[in-house]
Structures are given as structure tokens and as C-alpha cells.
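Undergrad: Residue numbers (the working numbering), protein chains in the order written: chain A, 9 to 204; chain B, 367 to 581.
Just so you know, the hints here were simulated from the structure itself, not pulled from any lab data. Take the hints with a grain of salt, since some may be wrong.
Claimed, not checked - With a straight-line Cα cutoff of 27 Å, these simulated DSSO-like cross-link-like pairs (lysine-lysine) come out:
hint : chain 1 : residue 1 : chain 2 : residue 2
1    : B       : K442      : B       : K573
2    : A       : K138      : B       : K442
3    : B       : K442      : B       : K571
4    : A       : K179      : B       : K573
5    : B       : K576      : B       : K442
6    : A       : K47       : A       : K105
7    : A       : K179      : B       : K576
8    : B       : K502      : B       : K387
9    : A       : K199      : B       : K477
10   : B       : K576      : B       : K502
11   : B       : K387      : B       : K477
12   : B       : K571      : A       : K179
13   : A       : K179      : A       : K47
14   : A       : K138      : A       : K179
15   : A       : K106      : A       : K47
As the list claims (entries may be wrong) - Which stretches of chain B does chain A cover? Using the computed rule of at least three CB atoms under 8 Å from a CB of chain A, they are:
hint : stretch
16   : 458-470
17   : 556-567
What the hints assert, rightly or not - Examples of chain A residues lying across from chain B (beta carbon under 8 Å, computed):
hint : residue
18   : L20
19   : L24
20   : F33
21   : G51
22   : Y111
23   : L128
24   : D136
Every residue gets a Cβ at the ideal spot worked out from N, C-alpha and C, and that includes glycine.
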Amino acid sequence: MLNQANLFFIFLSAFLINNILLIRFLGLCSFIGISTDVKSSIGMGIAVVFVTVMACSLSWAVYNFLLVPFHLEYLRTTTFILTIASFVQFEEMIIRKKLPALYRAFGIYLPLITTNCVILASAFLGIDYKLSFIQNLIFSFGISFGYCFGIIIFATIREEIEIAPIPESFKGVPIAFILAALMSLAFLGFKGLFKL
Amino acid sequence: MELENFWRKLKMENKRLIDFKVFLNGIWRENPILFIMLGLCPTLAVSGSVRDALGMGIAVIFVLTGSNFVVSLIRKIVPNHVRIPVFIVVIATFVTITDYILAAYSPQIHKNLGVYLPLIVVNCIILGRAEGFASKNNVFNSILDGLGMGIGFTLIIFIISSVREILGNGTFMGRNIFGSNFEPFLIMIMPPGAFFVIGFLIALKQKIEKGSKKC
């Protein structure tokens, strides 16, 4: 099980072997929508890393210190989504007041993140694998770093493909999916790296 | 008396109480996956076998219809600036109900869907329809819209999972269809297969659209 593995393995597993975008298929809406240029992909990627790590630690604490002692595990879906949504709002306010430069860099991506399934998924997966707090921290960092990595590579390839001669009906989104398929094929190669 | 006023108001707004066009919209003209590109994550993730895909489709139909119904009932009493959190709580409630019903009645499908089942709550189709349709329309039309969108979603996920299961495993709904000499395309059942199939499906849709424009 993942909760007995060492931290480095947890990171690699979340980052490469079970890459959230290409192997687990989460966060695809923003993956396809935003990755048309590199600059906004980098912004989105970093914002996701930032929010995921913090929001996952928070929801881990809420689950283990609030829901488990009162036997309210069935409320976890509602609780997590509310925790994440209110946390993103809160963080947006703090960043706008204290770090205006960072706020300008994140721009519209911060509020958009609330509906990004990467965050909720890594909160759920951390609970499902019964990880400890430190493991959960590393796990959520691995997942969000995998997202960041994937979306930046994808955006660079997609900028190149704009000028390539491709069939008329494949222009736009379809070719992006074929591209994602090829990248996913490459990521499947990491499967032999470790035995779970 | 009140009912009469209601009918008159409806006539003045020139809206039909039950409009079947709304239902058909979801299936083709505004199909959530092909045309608006929403709700891609569960579509790709659970389309490895037809049975799981149908389970997912039914769960989405239930959540979409239920949340559209409740949202359109409460649309007039919810203050405008807290509407999104309220909608999310409504959706999360329906997702929790679905999660526990599936766990009780078909534990195998519940196990296969895994984390993707609670993640219906962030499926953009559902919040999109609650915000874009149910918060502006009456109860009957909202239910129809939920059903239409849900069936449109299920249709696409059914097509994708059929292609993947038949090519990748040589089976359909668990039944062998090619006999023992068939060498399955393993790639189709693995993650890249899902991206290939949806890429070709959207390309086909663009081809059909271009073809009909020429005529």
C-alpha cells in the first residue's frame, strides 16, 4: 500500500506513474482549454500547485480532526468542496492585500481553480490511501507538480502544432486529444519504474 | 386565482411551461461533451468498460435531474451573491445520495468507479446547467433539461466505452464477441486509448458539421 512506502516513492508515484492528467484523466477541462499558450499554462500550473498543497492539508485536517471523531465521514464530499471553495476565496483576499505582485501574476486563474477537479481529487485520494499528514503533503505536491509539468509540456507542443499541416477536421481540439494520447503513451512507460 | 395569474404571466413572457425542444437540445445540438467540452474527466476515466460507463451515466442523469429540480425550485429565494455555494451544496447532497445508493446496491460498480463518483460534484456540466439553465427556468423545463443533458452525456460515454471495450478486450458488456482467435488492441483499454477515441469522435463531429454547411 502507498501509506507504507517512503516519501520519495510517494512523490514519484503521484508525479509520474499515476500522472493526474494523462493517466488518471483529471483536470482535463483546464488542460484542453488553457493550454493554447505557454504563458497562461505556466500561470495556471503554479497556481494549482500553490492551492492544492494548502487546500489538501486543510481538508486532511478537517477530515481527521472533525469528521472522524464525530463519525460524520459520509459528509466528506460536501465538506471538502466547501472547504476548498472558501479557502480559495480566503487566499485570494490575502494575496490581493499582502502580495499584489503575485496576485497580478495569478490573475484570473485563482478563482477558476475552485472547479478544478485536481484539488478535490487529491484530497479524496489522500484520504482513500489513509496517508499521514506529511505523506499527504508530499502526495498533494506530487500530484499538483505532475499537473504543472504536464500542462506546460503540452502547451509547448501545442504552440508548435498550430503551424503544422493537419487534416481539416482534426484542427483545434481533436488534434489536442491525439497529442494527449501520445503523451499518455509516453507516461505509461514509467509504470515499470517501481512495483507498488 | 393565483394559478390564473401564473398562467397569464407565463403567456406574457411567451414561454411554454413544458418545452420538449429543451430535452432534444441536450442530446445533439448542445451535447455537453461534443459541443461544450464539459465533463471530460469522468468520460475518459471510466470508459474502459461499458458497464462502468453506464453506471456513471445513470449516476450523472440522477444528479443532474435532481439538482436541476431543486435549484429551479429555490431559484427565487436564494440571494444572488450566495447562489454558487448554495448550488454546490445541493449538488454535493445529490452526489452523496448517489454514492451511498450505489455502494449499497451494486458494490462492484461502486468499487470500479472509485474516486470518480464523488468527483461528479465538480463535473462542470452539472454546475453549468444549474447556473445557466435551472436558475432561470421553471421546474418542468429544468427537469427536462437535466434529463436531456444527462442522456446526451450517457450516449457519448456509451459510444466511447463500446469502442474501447470491443477493440481493447474483445468483449461487449462482459460477453466475448470475437471468439478466441482475436488478438485485442491492449492500447485501447489503457489510458491513451481514451484520448484517441474522443479525439476521433470530435473530429467526426467537425466533419459532419462541415458537410452539412456545404449543402
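Undergrad: Would you mind marking each hint as holding or not holding in the structure?
TA: Here's how the hints hold up against the structure:
no. : hint             : in the structure
1   : B:K442 to B:K573 : 43 Å, violated
2   : A:K138 to B:K442 : 42 Å, violated
3   : B:K442 to B:K571 : 38 Å, violated
4   : A:K179 to B:K573 : 11 Å, holds
5   : B:K576 to B:K442 : 42 Å, violated
6   : A:K47 to A:K105  : 24 Å, holds
7   : A:K179 to B:K576 : 12 Å, holds
8   : B:K502 to B:K387 : 16 Å, holds
9   : A:K199 to B:K477 : 22 Å, holds
10  : B:K576 to B:K502 : 33 Å, violated
11  : B:K387 to B:K477 : 37 Å, violated
12  : B:K571 to A:K179 : 12 Å, holds
13  : A:K179 to A:K47  : 22 Å, holds
14  : A:K138 to A:K179 : 44 Å, violated
15  : A:K106 to A:K47  : 24 Å, holds
16  : 458-470          : holds (count 6)
17  : 556-567          : holds (count 10)
18  : L20              : 18 Å, violated
19  : L24              : 13 Å, violated
20  : F33              : 4 Å, holds
21  : G51              : 20 Å, violated
22  : Y111             : 21 Å, violated
23  : L128             : 5 Å, holds
24  : D136             : 6 Å, holds
When held up to the earlier numbered hints, the structure conflicts with 1, 2, 3, 5, 10, 11, 14, 18, 19, 21, 22 and fits the remainder.
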